[in-house]
Amino acid sequence: MAEVKQFVFFDFEMLCSDKGMSFSSMESIRLGAVKYQIETETIDYFDCYIKPIHFKGLSSFCKKLTGIVDEDLKEAQDFKEVFEQFLDWIGGIKKTRFFSWSKSDLSRLKLDAELHQISGNTIKKIEKRYVDFQEIFTKRVTKTQYSVENALLLYGLEFIGAKHNPMFDAYNTLRIYLAFLSKPIQTDLVMLRQFVFIELDHELTPSDDLNSMLNTILLNELSVFMYNLSDIYTMKDFSKVLRATRKLVEKYENVICNRSGMFSKRNINLIRRLVAFYHELLLAYQEHSNHSSKIIILSEHIKQPIEYLSLKRG
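Okay, so the sequence shown: first residue is 1 according to the UniProt record's numbering, each after it adds one.
In short, the hints are calculated from the structure, not lab data. Accuracy of the hints is not assured; some may be wrong.
Calculated lysine to aspartate or glutamate pairs in the EDC-like style (CA-CA distance at most 20 Å, straight line) [to be verified]:
hint	residue 1	residue 2
1	64	18
2	294	280
3	303	253
4	240	280
5	124	114
6	163	149
7	110	81
8	163	47
9	247	237
10	265	208
11	251	201
12	56	71
13	265	209
14	80	114
Make the full structure from the sequences, and use the hints.
See below:
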């Protein structure tokens, strides 16, 4: 794959109604995007209305939500023409990484491309280079899905531009992405607050004794987990153990990335052992399922990583 030289963040506004519509019938009515040149840090903008095939006028709900009126679409070009302009503006798919805030934008692109008989190969090239940044941000930072506006607030930023204008939605998504890249300490502080210290009554700061706090809560949870861990399970009950272990892994695994450099090797190694234990459980479950086993016995080999962790307490 060619070297990535630019990021393109894009967003669609679609037909909508408060009376309900299938997603397949929610054709695009506006495409907005921003192009960020990695080397020069310059930004270019794209904004075009799109006339849908099945256009009988926008609902009052859609007009109010998007700020788009019928007159904006009557003289607009169709999706195929706008998409050709979009590709010209991009200037090369192979050197581009594509982003949006929610995979629904990629789904809309694929549906409208099929509706307008646009080359499937072109869409596949975009999809191959596509990132659902909301999904990444949720997994790495917030745990639950945030709106663009609320994600900006995590970095002390406010939304710039008109809301529900897809170009500004794309631009503000870029701002979140750049903050995510350039502010790893703030990102990891938010992550800890969202995933680990949920009940904390104040915001975390770099001056807090984060590693000690993290170590204490991690080892306490593992101690309780080990106390409730049995040697023999039915397969049904063991699936519950798997879910509980996966939740623990999801709670702490972002620490391993340590983009901020704040986390101690001790805590990182403890969490790596937790992840290794989870993988051992998964493997044991799959092997027993393949042999139609009704019970599963946890060997000392499987429990070794988690037993090591419990001994670290205190």
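Against the structure, the hints:
no., hint, in the structure
1, 64 - 18, "11 Å, holds"
2, 294 - 280, "18 Å, holds"
3, 303 - 253, "19 Å, holds"
4, 240 - 280, "15 Å, holds"
5, 124 - 114, "12 Å, holds"
6, 163 - 149, "9 Å, holds"
7, 110 - 81, "15 Å, holds"
8, 163 - 47, "14 Å, holds"
9, 247 - 237, "16 Å, holds"
10, 265 - 208, "17 Å, holds"
11, 251 - 201, "19 Å, holds"
12, 56 - 71, "12 Å, holds"
13, 265 - 209, "15 Å, holds"
14, 80 - 114, "10 Å, holds"
In the structure shown, no violation is registered for any of the earlier numbered hints.
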